[in-house]
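Student: Please model the entire structure based on the sequences and the hints provided.
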Amino acid sequence: MAKITLNINKKDYQLEADPQMPLLWAIRDLAGLKGTKYGCGVAQCGACVVHLDGEAVRSCVTKVSRATGKKVVTIEGLSETNSHPVQKAWQEVDVPQCGYCHSGQIMSAAVLLREKPNPTDQDIDDAMAGNICRCGTYLRIREAIHKAAEMQKKAPVKG
Amino acid sequence: MNNDKNALDRRSFLKASLLSGGGLMLSVSWLSSFKSADKAEALNLPDQWSQLNGYIQITSDNKIRLICPNPEFGQNVMTSLPMIVAEELDADWKNVVVEMGPHDPVKLGAQFTGGSNSVRMYWKPLREAGAAARQMLREAAAQTWNVPVGEVTTKAGVLLHSSGKSAKYGEMASKAASVPVPKDLKLKSPKEFTVVRKSKKNVEVQKITSGKPLFGLDYSVDGMLIAMIQHPPAFGMKLKSFDAAETLKMSGIKEVFSLKLYEDGFEQGGFDTRSFNDLLVVVGSSTWHVMEARKKLVANWEPAGDQKDTMGGRNGKREVTVPGALESTLIQMQQMQEYAAKPSQQLRKDGDPENAFKNAAQVIERTYNGPFLAHNCMEPMNFFAHVTEEKALLAGPLQAPGWAEPTLAKLLNLPPERIEIQMTRMGGGFGRRAYAHYLSEAALISRKVKAPVKLMYTREDDMTYGIYRPMYTATYRAALDANKNLIAFHVKGGGIPEHPIHANRFPAGAVDNYLAEGWQIPSNITIGAFRAPRSNFNAAAEQSFLDEVAEAAGKDPIEFRLELLKRAKENPVGKNNEYEPDRYAGVLKLVRDKSNWGKPGNEKYHRGVAAYFCHNSYAAHVVDMVTRDGQPYVDRVYSAMDCGIVINPDAATNMVQGAVVDGIGNSFYGELTFKDGVPQKNNFSNYRMIRINEVPKSIEVHFVENDLDPTGLGEPPFPPVFGAVANAMYKLKGKRYYNQPFRDELEKTI
Amino acid sequence: MKQDLNKGPGYFLTRKAAMLLSLMIFIISVAASTFRKNPPTKEIRLNLAERDSIESVKAFETVYKTLMSPRCMNCHPAGDVPLQGDDSHLHAMGPKRGVDGKGVFAMKCANCHQDTNTPGLHTPPGNPEWHLPPAAMRMVFQGKSPHELARQLVDKKQNGNKDMKKLIEHADDGLVLAGWNPGEGRTLPPVSHAEFKKAWITWIQKVLMRRKNSFNLNLP
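Protein chains in written order, with numbering that gives the first Met the number 0: chain A, 0 to 158; chain B, 0 to 749; chain C, 0 to 219.
Heads up, some of the hints might be wrong.
In silico BS3-like pairs for lysine-lysine, Cα to Cα no more than 25 Å straight-line [as the list claims (entries may be wrong)]:
id, chain 1, residue 1, chain 2, residue 2
1, B, Lys62, B, Lys164
2, C, Lys101, A, Lys115
3, B, Lys696, A, Lys115
4, A, Lys146, B, Lys200
5, B, Lys197, B, Lys185
6, B, Lys206, A, Lys146
7, C, Lys101, A, Lys70
8, B, Lys197, A, Lys146
9, B, Lys598, B, Lys554
10, A, Lys153, B, Lys259
11, A, Lys2, B, Lys253
12, A, Lys87, B, Lys185
13, A, Lys10, B, Lys211
14, B, Lys211, A, Lys70
15, A, Lys62, B, Lys554
16, B, Lys295, A, Lys87
17, B, Lys211, A, Lys9
18, A, Lys69, B, Lys211
19, A, Lys62, B, Lys295
20, A, Lys2, B, Lys248
21, B, Lys696, A, Lys87
22, B, Lys197, A, Lys87
23, A, Lys10, B, Lys206
24, A, Lys70, B, Lys206
25, A, Lys69, C, Lys101
26, C, Lys101, A, Lys62
27, A, Lys9, B, Lys206
28, A, Lys146, B, Lys696
29, B, Lys696, A, Lys62
30, A, Lys146, B, Lys211
31, A, Lys87, B, Lys93
32, A, Lys87, B, Lys206
Think of the hints as simulated: they come from the structure by calculation, not from any bench.
Tutor: As structure tokens, then:
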């Protein structure tokens, strides 16, 4: 166990954690942020995706030690008012069924849109194939990402 | 269309009362009008569940609160059920607040999410409740304004009178509570619908996109401990001994112990299935610590041998022997071949099939196989429990609280009224969460450690401790006469440990000589409902077989089916045919037209079609496949559904699209094999799941437009996808695919 | 229903036969080119070259079987998606190479592959530099015959402009070494790193020295 400071969603959390502990469990159990999900624990499903200095890392295999000194953003911190273009597009297209995988889907999609503001279907497949949706909402995920790209053009994401 | 023969005396299921704090509370009977046409899929409801059991509230501040009785697992009932009330109430949808009800068998009934029954079950009582409340509000307004009630109209939550008087519902709600419940209710005709049939957004979508703690794994209370169970590595094994010394040295670990889930002789209900009875439990302060500490356990397992289970139920106690063998897929396949050759149980017989086959000009015989499937809900099994001497609080993802509670009451020796079960949003269900062993396990662990506990399965636990889709096989035979007419049809199906046959489904009723038989092989591998149980195999096999028979008869596969359905309509064979031929034909015609079946312009696609009836709804798909990078892909799908009135069209479309994707994924990749009782896959790294790069570019969903009472949609679109994919694969590869998953067969050919 | 993922002994025999055939062709071609490029008057040198080529071919046999083992080949795929597992199937979820070889968008290698191996079966192996060859220098191993692979490895236009020194150093590259620390459940390359390195250096030196000599001889 060690004292670790994690910066999550612009807030510093002082945590007592084993440096080997996956970031996922530090976020969920220690920081108490439950939006980031456990799905497989082996980087296969993408339910646990968070942004680590802007990259869509899988927190279930990322040790908490890798995150110290870096900025962690979880679904709760993607926007202050649930208004990131990806979130808004998800709401408008009404993507989710059970909803469990969508924190991870949204966090992955946000990185895609930052790096490729006008993604093609191929770009979407390349970016999103790491996120499993057991309910099969993939077609709506594609649609929502295109919609988010449109929204982003009208109102670019700040910062 | 009202189903009057099911109507009960309305006074017995509507009751008004004043809401504390002001407003109207209307208690309703959710279940009073529910009867199933299909006995095989009907729920057995105790009489008391037909009493007053649910409620809507209209508060003075004009909010309409509706308790959603059924747990939500993505089928969107939390939105569609309130829409039904809002429709007849003429409420402003913006003011409707939906809350997930706790388990309350007195007030909320069975609360069973499954069998594609939610909307079908609640349609009538919810409409009548809404209509009654609206009428009482009009009466209250009429009294207040001193005008005839016939002159009071409503629009979007406002009461209106031609004099210019108006009032919001909330203003009249307290007064309405004293108005007698009306005896005669006039329900809207479908033409008057303003809420139903108009797409509404999922009421929880905002919470989902912002990561609110909606799910069982997110549920947390102060001082909550985390528990995990180490289960035997193989079906057929049990715990012999263990050494927890190293585990207990790990930080954060509180206790390690073993206990039995069911004591010997415990009378199990139908949903009390559990894979393993010995719980080797590690309890600690955080998920990660428990996961790590569990790895240090030294557990010794031994073959369990044949076990006796005691099954309870209406027909009294009976003992069932669970065989102790450590089973392997290859041996199971041999066993199935042996059983298929033996005489089996006759399930239905029309005409003289033996003779018809003997005298046929051509007989086609094909055998189809389907493996065990794991549900793989994205949220692994988990449950919160806080059990004390006096009471029990449980919270988590669960499809059937009504069946979990009696079991729990027996296990904890607590009366049901001291047990509170809260249902969280489920991260998928697909039938898996109808089996609440994990809830019972959590409860026993909490009682043992005297603390609130969250029991959590890892993905590996979840996949290797399954209540799987059974392993199935079926041999189909068709007899054609010299004019290529189908004169006899025979299906003999079997499975481990149950057969897949629905004997009274199409093409039963459409063929003069018909025989359906079933057999089963007992097993210790636990099985249960998996999205459209049995149908999900039948539709693959039968619809693939019919495609082949149509080809042999020289007929277009859709026309071939339509001819049979015409026969079933005009001159049906037998009496117990479950489907309505017109509606079955309706989805085939719709999908034919929408997909331009048989018309030019689709040459680049390899097309397959299939249709199926189950859970009271009808589905047909045309699947268009292409080869990309040398691999077969489904590029485009057309779906036609008949589920009566579609409550929430966009959500219904989402559901069908999801079922199509699920069907493609499972037909291509879904499979769990066993070796010496050990499941050969344990995570998504070896259990392949369909991903976004493998799904169609478009899935066009069409609904047959009619005014029939709505039926379910969670299951019906799923089964025929397998058949349509198999038939399209034939067009693409020039060979038939008889064994699921198709990917394996495919890989042997490339 | 699935019988077995293994493709059976026939498959391996065929592969081995193909490899031997390739090696034979390689020997003949190296020998032939040596013969062509060396004037017949220098008989002693020719014999030396032959002896060198045989040593070199032997060394390359070791190099080839190592590089074509899943631990090396999986990150040198024919397409833009890496391979996975001892059966070298396409990497689940189809991550793409990207320009720098480090993945694209939400699917960058380091999103899953950490600095070190993640404990457990079926978990991502790790290395601080985890990547595929970049798009400009794809260095495909998959599907290459010994001859094709050999030519590619020493061709500066294809190997990232590596000369002999750099090629030799590459044997100790961190990511190359990671092949011998593959994480739980993965087979090791067929020879130890030391054996591989010895063979690699032997082959590189022989083949490049010979090329150098040949080159000099061909000077006007």
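Student: Any hints from earlier that this structure breaks? Give me their numbers in increasing order, please.
Tutor: Hints 10, 12, 15, 16, 29 contradicted; others consistent.
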